[in-house]
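Peer 1: Reading the sequence shown from the start, the letters are residues 996 to 1081 in this note's numbering.
Keep in mind the hints are simulated off the structure, nothing from the lab.
All of these numbers come straight from a predicted model, not from anything done at the bench.
Virtual Cβ for every residue (Gly too), placed ideally from N, Cα, C.
Wrong hints could be hidden among the right ones.
With a cut-off of at most 20 Å between alpha-carbon atoms, the simulated SDA-like pairs for lysine to any residue come out as follows [as the list claims (entries may be wrong)]: (1) LYS1070 with TRP1041; (2) LYS1070 with GLY1080; (3) LYS1070 with PRO1028; (4) LYS1070 with HIS1049; (5) LYS1070 with SER1058; (6) LYS1006 with PRO1063; (7) LYS1006 with TRP1041; (8) LYS1006 with ALA1022; (9) LYS1006 with SER1058; (10) LYS1006 with LEU1024.
Between beta-carbon pairs, the in silico distance windows are [as the list claims (entries may be wrong)]: (11) ASP1068 with LEU1004: 37 to 47 Å; (12) ALA1062 with ILE1003: 25 to 35 Å; (13) THR1030 with PRO1063: 17 to 27 Å.
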Amino acid sequence: MADRPVTILPKSAVLAGLFAVWDDLGALLDGLPDTQWQAVSPLPGWDVQALVSHMIGTESFLSGIPAPEPDCDVKTLEHVRNDIGA
């Protein structure tokens, strides 16, 4: 792998950037009509709702927020294809 320059940013700048992106994303999603949540995305098998759920799940996991307890056996669901999804 080629050497790449390293940019070091203060934590406050990184957090400010993340919060700004999350605020913008929240504003965009708040204005999304119900019909658009099921719109297909460029990713095969993923609609808008699945992508947003994935982002929220990942950010929650990284923040240490436990996943909610499922109300069914998720391993039996067609879209769950590995242990991470279960």
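Peer 1: A separate judgement is required for each hint: does it hold in the structure or not?
Peer 2: Evaluated hints:
Straight-line distance between C-alpha atoms of LYS1070 and TRP1041 comes to about 18 Å, which keeps the hinted pair within the 20 Å bound. Proximity of LYS1070 to GLY1080 is assessed by CA-CA distance (about 8 Å); at most 20 Å being required, the pair is judged to hold. Restraint check for LYS1070 and PRO1028: the C-alpha separation of about 31 Å exceeds 20 Å, so the hint is violated. Distance restraint check for LYS1070 and HIS1049: the Cα-Cα separation of roughly 17 Å lies within the 20 Å cut-off, and the hinted pair is therefore satisfied.
For a cut-off of 20 Å, the pair hint linking LYS1070 to SER1058 is broken: about 25 Å separates their Cα positions. Between LYS1006 and PRO1063 the alpha-carbon distance is near 29 Å, which puts this suggested pair outside the 20 Å criterion. Note on LYS1006 and TRP1041: the hinted pairing is violated, with a Cα-Cα distance of about 33 Å set against a maximum of 20 Å. About 24 Å separates the Cα atoms of LYS1006 and ALA1022, which puts this hinted pair outside 20 Å; it is violated.
Straight-line distance between C-alpha atoms of LYS1006 and SER1058 comes to about 15 Å, which keeps the hinted pair within the 20 Å bound. The hinted pair formed by LYS1006 and LEU1024 fails the criterion: a straight-line CA distance of about 27 Å is larger than 20 Å. Taken as a hint, the range 37 to 47 Å holds for the pair ASP1068 and LEU1004, whose Cβ atoms sit roughly 43 Å apart. Checked against the hint of 25 to 35 Å, the pair ALA1062 and ILE1003 passes, with Cβ atoms roughly 33 Å apart.
Between THR1030 and PRO1063 the beta carbons are some 26 Å apart, a value that agrees with the proposed interval 17 to 27 Å.
Hint violations for this structure: numbers 3, 5, 6, 7, 8 and 10, all remaining hints satisfied.
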